[in-house]
Structures are given as C-alpha cells and as structure tokens.
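**Q** Read in order, the letters of the sequence shown correspond to residues 1 to 139 in the working numbering.
Since the hints were derived computationally from the structure, they do not count as laboratory data.
Don't take every hint at face value.
Unchecked claim - EDC-like cross-link-like pairs, simulated, lysine to aspartate or glutamate; straight-line CA separation at most 16 Å:
#1 LYS33 - GLU90
#2 LYS85 - ASP23
#3 LYS33 - ASP23
#4 LYS33 - ASP44
#5 LYS33 - ASP120
#6 LYS85 - GLU22
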Amino acid sequence: VSVARGERAPLLEIGLAVLVGEDLADASRPEAKHAIAGVSIMIDWFFRDADAGSLGARGRSAQVGPWLVPPTALARFGDAAISVKLDANEQSLGAVRDLGISLEDAVAFASSEAPVRAGDLIGVGPLPASVGLENWRSW
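Produce the entire structure from the sequences given, and follow the hints as far as they go.
**A** This is the structure in structure tokens:
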C-alpha cells in the first residue's frame with residue numbers, strides 16, 4: 001500500500017473479503033453460501049494526515065490478499081485465528097467468528113440491498129480488535 005505523502009501513522013482495520021462466484025439477487029442463506037468462491041484477508045488503511053481536500057475526506061485505501069481460501073476449506077473457518085505481523089512482531093486480533101456475522105449472511109444481506117455479480121468482493125468486518133489500530137509500527 002502506498003502511504004500518502006506526509007502521513008506519519010495511518011490507522012488500519014482488518015476484515016475479510018468474500019469473493020462471490022455467481023450472480024445473486026435477494027439470495028437465501030444457502031444460496032449465498034453456495035455462491036462463495038473464496039475468502040481473503042482485507043485491510044482498510046486510513047490516512048489521517050492526508051490532505052483533507054474541499055470535502056474534508058481523508059485518504060483511504062483497501063488491500064486484499066494475497067491468498068484466497070477456497071470454500072472447501074471453510075468448514076471450520078469460524079475458528080480460524082487472525083493476527084497481524086509486522087517484521088518480527090505479531091498481534092492477535094481474534095477469530096473469524098468475532099466478525100459478528102457469518103460470511104453467507106453477509107453475502108445474503110448484500111444481495112438483498114443490490115444485485116451482486118460474479119467476481120464481486122463483499123467486505124465483512126472489521127474485527128473489533130482491529131478497529132483504529134494505530135500503534136502497529138511499535139509492535
């Protein structure tokens with residue numbers, strides 16, 4: 001991720017990105033689960049020091065990957081632990097179940113609000129322990 005010029009300490013939040021493998025509209029939970037093609041990590045970066053511009057918006061970037069977990073590996077996915085590692089320092093952020101919503105419920109909800117197309121990424125999260133992480137450089 002390119003850090004905005006002059007940015008001293010960007011915030012980050014960790015969630016998941018669900019890759020949808022088929023078109024959906026008002027999908028049921030089973031339909032949404034069937035449509036999940038894979039899951040990856042998603043990091044939202046917030047740049048507080050970036051030029052706010054005329055609308056007062058801050059800089060923001062999202063990062064996905066680098067791995068995609070296939071649906072066949074998702075049976076016990078709720079138990080999967082998520083941590084962040086920077087150099088030799090690691091911080092635990094909890095488990096997938098801490099997101100507060102299942103992946104299929106998130107996809108079903110998204111499809112109830114707008115059509116979801118094959119290839120869309122649905123962001124789920126962030127993990128509560130990752131909200132507003134700003135001391136990540138000192139881990």
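**Q** Hint by hint, work out which the structure violates, then give me just those numbers in ascending order.
**A** 1, 2, 4 and 6
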